[in-house]
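Peer 1: Spelled out from the first residue to the last, the chains are:
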Amino acid sequence: AQSVAQPEDQVNVAEGNPLTVKCTYSVSGNPYLFWYVQYPNRGLQFLLKYITGDNLVKGSYGFEAEFNKSQTSFHLKKPSALVSDSALYFCAVRDGSGYSTLTFGKGTMLLVSP
Amino acid sequence: EAGVVQSPRYKIIEKKQPVAFWCNPISGHNTLYWYRQNLGQGPELLIRYENEEAVDDSQLPKDRFSAERLKGVDSTLKIQPAELGDSAVYLCASSQDPGLGQPQHFGDGTRLSIL
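Residue numbers (the numbering used here), protein chains in the order written: chain P, 1 to 114; chain U, 1 to 115.
The following block holds chain P by itself, in its conformation from the complex:
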């Protein structure tokens, strides 16, 4: 069975500082990894994905994520946080073979203070 762990319920960072939201995963085959962001009373919005290729993936709004196969991690990063980045972030994984289900983590609330 595949799974995702987001070890931090909440991450606090000051505006302008770098941010990291952690994600580790477990999947039997090659992983397809995704990050989504959810604002209050809204659906999930796609940020970036790793399918294959370069381990550093760049996505929307200045976010990036680094795939680390040996540590089975896919941490989300941003060099300089904005107050508007405050939201709920979800990591998700699926087995890259066929049409397996996408499994989501429980989410990490990011709070960026002015």
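To be clear, the hints were calculated from the coordinates, so they are not data collected in a lab. Quick reminder that beta carbons are idealized off the backbone N, C-alpha and C, glycines included. A couple of the hints might just be wrong.
Said to hold, decoys possible - Ranges between beta-carbon positions, derived for each pair:
#: 1; chain 1: P; residue 1: Ser-26; chain 2: U; residue 2: Asn-38; range: 16 to 26 Å
#: 2; chain 1: P; residue 1: Leu-56; chain 2: U; residue 2: Gln-80; range: 22 to 32 Å
#: 3; chain 1: P; residue 1: Asn-68; chain 2: U; residue 2: Ile-12; range: 36 to 46 Å
What the hints assert, rightly or not - Some chain U residues judged to face chain P by a derived CB distance under 10 Å, without partners named:
#: 4; residue: Leu-45
#: 5; residue: Asp-56
#: 6; residue: Lys-78
#: 7; residue: Gly-85
#: 8; residue: Val-89
#: 9; residue: Cys-92
#: 10; residue: Ala-93
#: 11; residue: Pro-98
#: 12; residue: Gly-101
#: 13; residue: His-105
#: 14; residue: Phe-106
#: 15; residue: Asp-108
#: 16; residue: Gly-109
#: 17; residue: Arg-111
#: 18; residue: Leu-115
As the list claims (entries may be wrong) - Just a sample of chain U residues kept apart from chain P, beta carbon distances all over 12 Å, derived:
#: 19; residue: Gln-17
#: 20; residue: Ala-20
#: 21; residue: Gly-40
#: 22; residue: Glu-52
#: 23; residue: Pro-61
#: 24; residue: Ser-66
#: 25; residue: Lys-71
#: 26; residue: Thr-76
#: 27; residue: Ser-87
Given the structure of chain P, go ahead and fit chain U onto it with the hints provided.
Peer 2: What follows is chain U alone, placed relative to chain P:
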């Protein structure tokens, strides 16, 4: 392009009543998903459609939940009768080609409250 459209946005009903949610996916997206998101949790898949065929409904509580996707476009998710534990946000998503790693695009969901 227009995103995934869901209605209604909010629904409050008494337990044992029926309720239905509607979803219009992004044009050209053959794969459609219904998820349930409980408070403080990530979305959990209820059912996945490829065109009009339900290809994964293993997590759908079939005693009270049903879904359809007529003509392979719009979809409806129904609960009858609703129970207190069904209070959640019901999300619809669509994808163009998930087998190639295309992401899922989500609607804003229907927040269901059972009294």
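Peer 1: It remains to establish, for every hint, whether it holds in the given structure.
Peer 2: Evaluation of the provided hints:
Under the hint 16 to 26 Å, the C-beta atoms of Ser-26 (chain P) and Asn-38 (chain U), about 22 Å apart, fit the expected range. Our hint of 22 to 32 Å for Leu-56 (chain P) and Gln-80 (chain U) is violated, since their Cβ atoms are close to 48 Å apart. The hinted range of 36 to 46 Å is satisfied by Asn-68 (chain P) and Ile-12 (chain U), whose Cβ atoms lie roughly 45 Å apart. Interface restraint check for Leu-45 (chain U): the shortest CB-CB distance to chain P comes to about 5 Å, inside 10 Å, so the restraint holds.
Annotation: interface hint on Asp-56 (chain U) holds; nearest CB of chain P at approximately 7 Å, less than 10 Å. Proximity of Lys-78 (chain U) to chain P is violated relative to the hint, the smallest CB-CB distance being about 20 Å (cut-off 10 Å). A cut of 10 Å between beta carbons decides the hint on Gly-85 (chain U): the least distance to chain P is about 19 Å, and the hint is violated. At about 9 Å, the closest approach between the beta carbon of Val-89 (chain U) and any beta carbon in chain P falls short of 10 Å, and the interface hint on this residue holds.
Because the beta carbon of Cys-92 (chain U) sits about 8 Å from the nearest beta carbon in chain P, less than 10 Å, this interface hint is met. Checking Ala-93 (chain U) against chain P: minimum C-beta separation of about 8 Å stays under 10 Å; hint holds. A cut of 10 Å between beta carbons decides the hint on Pro-98 (chain U): the least distance to chain P is about 6 Å, and the hint holds. Below 10 Å, beta-carbon pairs count as interface contacts, and Gly-101 (chain U) has one with chain P at about 4 Å; its hint therefore holds.
For His-105 (chain U), the interface hint holds, since its Cβ comes within 10 Å of a Cβ in chain P; the closest pair sits about 7 Å apart. Proximity of Phe-106 (chain U) to chain P holds as hinted, the smallest CB-CB distance being about 4 Å (cut-off 10 Å). Annotation: interface hint on Asp-108 (chain U) holds; nearest CB of chain P at approximately 5 Å, less than 10 Å. The beta carbon of Gly-109 (chain U) is positioned within 10 Å of a beta carbon in chain P (closest approach about 5 Å), and the interface hint is therefore held.
Because the smallest distance between the Cβ of Arg-111 (chain U) and any Cβ of chain P comes to about 8 Å, under 10 Å, the interface hint for this residue holds. Look at Leu-115 (chain U): its Cβ only gets to about 20 Å from chain P, farther than 10 Å, so that hint breaks. Distance to chain P confirms Gln-17 (chain U) as a non-interface residue, since its nearest Cβ pair spans about 23 Å, more than 12 Å. The claim that Ala-20 (chain U) is not at the interface with chain P holds, since no C-beta of that chain comes within 12 Å of its own (minimum 19 Å).
With a cut of 12 Å on Cβ distances, Gly-40 (chain U) falls inside the contact zone with chain P, its closest approach being about 7 Å. With a least beta-carbon separation of about 16 Å from chain P, Glu-52 (chain U) lies farther than 12 Å from that chain, consistent with its non-interface assignment. Here Pro-61 (chain U) stays apart from chain P, with its beta-carbon at least about 16 Å from theirs, past the 12 Å limit. No Cβ of chain P approaches the Cβ of Ser-66 (chain U) within 12 Å, the least distance being about 20 Å, so the stated non-interface status holds.
For Lys-71 (chain U), the condition that its CB be more than 12 Å from all CB atoms of chain P holds, with the nearest at approximately 21 Å. Every CB of chain P is more than 12 Å from the CB of Thr-76 (chain U) (nearest about 18 Å), matching its label as outside the interface. With a least CB separation of 15 Å from chain P, Ser-87 (chain U) remains clear of the 12 Å interface cut-off, as annotated.
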